[in-house]
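There are 4 protein chains.
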Amino acid sequence: MIPKSFFKQNPEDPKPLKHIIKRKVRFDELDPLNIVWHGNYASYFEEGRIAMGDKYGFGYLDFKKHGVMIPLKKFYVDYIMPLEFAKEYAIETLLYWNESARLDFEYRIYDCENRLVTMGYSVHMMVDLNKGILVVKPAFYEKICEKWKEGKI
Amino acid sequence: MIPKSFFKQNPEDPKPLKHIIKRKVRFDELDPLNIVWHGNYASYFEEGRIAMGDKYGFGYLDFKKHGVMIPLKKFYVDYIMPLEFAKEYAIETLLYWNESARLDFEYRIYDCENRLVTMGYSVHMMVDLNKGILVVKPAFYEKICEKWKEGKI
Amino acid sequence: MIPKSFFKQNPEDPKPLKHIIKRKVRFDELDPLNIVWHGNYASYFEEGRIAMGDKYGFGYLDFKKHGVMIPLKKFYVDYIMPLEFAKEYAIETLLYWNESARLDFEYRIYDCENRLVTMGYSVHMMVDLNKGILVVKPAFYEKICEKWKEGKI
Amino acid sequence: MIPKSFFKQNPEDPKPLKHIIKRKVRFDELDPLNIVWHGNYASYFEEGRIAMGDKYGFGYLDFKKHGVMIPLKKFYVDYIMPLEFAKEYAIETLLYWNESARLDFEYRIYDCENRLVTMGYSVHMMVDLNKGILVVKPAFYEKICEKWKEGKI
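Chains as they are written, first to last, in this note's numbering: chain S, 533 to 685; chain D, 533 to 685; chain E, 533 to 685; chain H, 533 to 685.
The hints are simulated quantities; they were obtained by calculation from the structure and are not laboratory data.
Errors might be hidden in some of the hints.
Copies of the same chain look alike in the list, so a pair counts if it fits in one copy or across any two.
[Stated by the list, open to error] 27 Å max Cα-Cα, derived DSS-like pairs, lysine-lysine:
id : residue 1 : residue 2
1  : K619      : K605
2  : K536      : K596
3  : K684      : K663
4  : K540      : K556
5  : K669      : K554
6  : K619      : K554
7  : K606      : K684
8  : K663      : K550
9  : K540      : K619
10 : K556      : K597
11 : K550      : K536
12 : K619      : K597
13 : K681      : K556
14 : K536      : K597
15 : K597      : K681
16 : K597      : K540
17 : K619      : K681
18 : K547      : K675
19 : K547      : K663
20 : K663      : K556
21 : K619      : K547
22 : K619      : K596
23 : K596      : K554
24 : K684      : K554
25 : K684      : K605
26 : K556      : K619
27 : K550      : K684
28 : K619      : K663
Keep in mind the model is a prediction, meaning the values are calculated, not measured.
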């Protein structure tokens with residue numbers, strides 16, 4: 533089963549970018565119920581997002597180098613099944629196409645038996661050093677988007 | 533301006549329960565942008581929720597005493613403005629009426645100038661010790677709900 | 533019983549400054565053993581240290597205003613008894629006299645029955661904006677130290 | 533330079549067990565100074581300790597299976613240099629020989645240029661399910677220690 537996306541897409545939009553990393557549940561992420569405390573998924577999603585940014589050249593440091601920060605506007609998690617201590621899991625991160633100066637990330641976490649255990653999304657604005665909200669994408673990211681549209685990344 | 537609720541309510545439903553606590557931003561909650569890291573709002577909301585539970589008698593330990601856990605099913609945050617180091621803020625927690633064995637919490641965080649800086653919600657299931665999902669509210673919580681309906685709390 | 537200090541003092545040194553704050557164990561601080569995870573005491577000690585700094589005028593923001601940061605050099609915790617969910621506790625912070633440009637903090641955590649549950653210390657250097665280590669105290673802090681020596685704070 | 537150990541050893545004691553893992557600094561571990569917040573080293577050390585336990589068969593879950601918990605008694609960190617965002621580092625964990633029912637772990641963190649950036653230690657007691665302190669090692673761990681003494685692990 534392929535989970536339905538949180539973001540609406542037009543038929544002509546390029547397919548979302550996708551990246552997967554694997555991690556293992558840490559002891560300090562557990563709560564008294566012996567499962568990952570719900571708030572820690574913000575950290576999991578962020579790890580997936582950062583790994584994707586590093587891969588495609590639009591990571592936190594890439595944006596920072598160009599004087600842009602990408603604070604969150606919205607954050608959502610849907611908890612399907614819990615994760616337990618020392619369990620391995622995969623974080624699948626997807627970036628959905630958006631014409632605006634905005635980043636629409638989706639996350640799907642799978643356990644070691646490949647069951648979907650958590651889904652979520654985060655929406656990020658782009659902000660300059662004076663905390664002004666960007667209305668157009670910065671040039672370096674626009675270039676990446678062009679390649680993305682041409683199917684070259 | 534009163535923010536619109538995330539939860540649909542019927543006209544005959546009792547009004548949401550409400551509780552406010554005040555806190556101060558801690559150093560270890562900050563990120564390199566010198567604002568509260570977005571993932572920490574899970575902790576802020578939880579503090580609000582726990583304080584409300586303590587006040588009305590349906591806290592984590594009350595449910596636990598009756599063999600019930602209340603894991604999260606959904607979690608959402610809308611970031612409006614950032615919070616900075618040492619700033620005081622208020623967490624307003626609301627519990628919305630629900631006929632089902634489910635808890636619908638909403639959160640509104642206000643800064644020291646009473647501006648709404650964050651909104652969010654969490655939806656909790658009720659689960660017994662065998663991890664079975666409850667379909668009716670446990671008796672102790674049902675009693676609280678009856679009083680709530682009668683406007684006695 | 534007054535616990536022995538971690539720091540050596542000379543008989544002519546002014547008495548340590550002392551400050552006490554009260555807190556309550558949060559759910560997200562617990563580990564699967566249902567006690568506060570050992571790493572969270574860094575946060576507890578920091579809360580005590582910051583509250584003391586605010587009281588006496590040498591807090592994080594005071595140092596920052598004068599272009600000085602106070603990173604940790606050493607950190608130690610002695611775990612005597614665990615703390616459980618929702619328990620109230622007191623953090624006693626002491627600052628020991630030191631002629632050098634260095635901050636020697638000691639922490640004692642007491643539970644709601646006034647039993648000593650944790651002790652620890654942190655040693656901080658003073659560093660300027662170029663990350664150079666200060667060898668003399670900044671003027672604003674030297675003034676506070678003079679008052680301290682004269683018993684006026 | 534080989535750093536001096538925190539633990540006294542006798543000449544006839546078996547050499548410490550050693551294990552190394554590699555990690556990368558995460559965004560949510562940073563503080564406003566753009567370096568890893570000092571309290572996060574408790575998590576780094578724990579990761580090293582858990583990886584070593586998994587390798588040698590005396591991990592958290594191994595102890596738990598035999599009804600034994602290993603809470604911390606002491607914890608110490610010496611901060612030598614800071615770690616920055618996205619930097620890779622190695623956590624070297626050492627377990628020192630101890631005749632008693634106690635675990636003496638030492639940690640050394642090296643940056644990507646192999647410079648020692650942090651050292652520390654943790655001392656753990658062994659406790660049974662009734663929270664009684666063990667005076668002899670549990671049988672499964674004693675067996676591991678015998679092999680260790682014979683140089684077979």
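Evaluated hints:
1. Taking the shortest Cα distances, K619 and K605 sit within 27 Å of each other only across copies (20 Å), while inside one copy they are farther apart (31 Å).
2. Taking identical chains as interchangeable, the C-alpha atoms of K536 and K596 are never at most 27 Å apart, the minima being 32 Å within one chain and 35 Å between chains.
3. For the identical chains of this complex, K684 and K663 are neighbours neither inside a copy (32 Å) nor across copies (43 Å), given an alpha-carbon limit of 27 Å.
4. Taking CA atoms no more than 27 Å apart as the test, K540 paired with K556 passes in neither setting, with 32 Å inside one copy and 34 Å between copies.
5. Within a single copy, K669 and K554 get their C-alpha atoms no closer than 30 Å, and across copies no closer than 35 Å, so neither meets the 27 Å cut-off.
6. Proximity of K619 to K554 under the C-alpha cut-off of 27 Å is found in both arrangements, the shortest distances being 11 Å within a copy and 18 Å between copies.
7. Taking the shortest alpha-carbon separations for K606 and K684, neither the intra-copy value of 29 Å nor the inter-copy value of 36 Å comes in at or below 27 Å.
8. Taking identical chains as interchangeable, the C-alpha atoms of K663 and K550 are never at most 27 Å apart, the minima being 29 Å within one chain and 34 Å between chains.
9. Neither within a single protomer nor between protomers do K540 and K619 lie at most 27 Å apart by alpha-carbon distance, with minima of 33 Å and 36 Å respectively.
10. Proximity of K556 and K597 under a CA criterion of 27 Å is satisfied inter-copy only: 20 Å between copies versus 31 Å inside one chain copy.
11. Proximity of K550 to K536 under the C-alpha cut-off of 27 Å is restricted to the intra-copy arrangement: shortest distance 15 Å within a copy versus 35 Å between copies.
12. Proximity of K619 to K597 under the C-alpha cut-off of 27 Å is restricted to the inter-copy arrangement: shortest distance 16 Å between copies versus 36 Å within a copy.
13. For the homomeric pair K681 and K556, neither the shortest alpha-carbon distance inside one copy (34 Å) nor that between copies (31 Å) is at most 27 Å.
14. Taking the closest pair of Cα atoms, K536 and K597 never come within 27 Å of each other, the shortest separation being 34 Å inside a single copy and 38 Å across copies.
15. In this homomeric assembly, K597 and K681 come within 27 Å of each other (Cα to Cα) only inside a single copy, at 24 Å, whereas the closest approach across copies is 48 Å.
16. In the homo-oligomer, the alpha carbons of K597 and K540 never lie at most 27 Å apart, since the shortest distance is 31 Å inside one protomer and 44 Å across protomers.
17. Proximity of K619 and K681 under a CA criterion of 27 Å is satisfied in neither setting, with 37 Å inside one chain copy and 32 Å between copies.
18. Proximity of K547 to K675 under the C-alpha cut-off of 27 Å is restricted to the intra-copy arrangement: shortest distance 17 Å within a copy versus 52 Å between copies.
19. Proximity of K547 and K663 under a CA criterion of 27 Å is satisfied in neither setting, with 31 Å inside one chain copy and 38 Å between copies.
20. Taking CA atoms no more than 27 Å apart as the test, K663 paired with K556 passes between copies only; the shortest distance there is 23 Å, against 36 Å inside one copy.
21. Proximity of K619 to K547 under the C-alpha cut-off of 27 Å is found in neither arrangement, the shortest distances being 31 Å within a copy and 31 Å between copies.
22. Taking identical chains as interchangeable, the C-alpha atoms of K619 and K596 lie at most 27 Å apart only when they sit on different chains, with a minimum of 16 Å there against 34 Å within one chain.
23. With identical chains, the CA atoms of K596 and K554 are at most 27 Å apart both within one copy (26 Å) and between copies (26 Å).
24. Taking the closest pair of Cα atoms, K684 and K554 come within 27 Å of each other only inside a single copy of the chain (25 Å); across copies the shortest separation is 33 Å, beyond that limit.
25. In the homo-oligomer, the alpha carbons of K684 and K605 never lie at most 27 Å apart, since the shortest distance is 29 Å inside one protomer and 38 Å across protomers.
26. Taking the shortest Cα distances, K556 and K619 sit within 27 Å of each other both inside one copy (5 Å) and across copies (19 Å).
27. Proximity of K550 and K684 under a CA criterion of 27 Å is satisfied intra-copy only: 14 Å inside one chain copy versus 46 Å between copies.
28. For a Cα distance limit of 27 Å, the shortest separation of K619 from K663 across copies, 19 Å, qualifies, whereas the shortest one inside one copy, 40 Å, does not.
Hints 2, 3, 4, 5, 7, 8, 9, 13, 14, 16, 17, 19, 21, 25, counting from the list given before, are not met by this structure.
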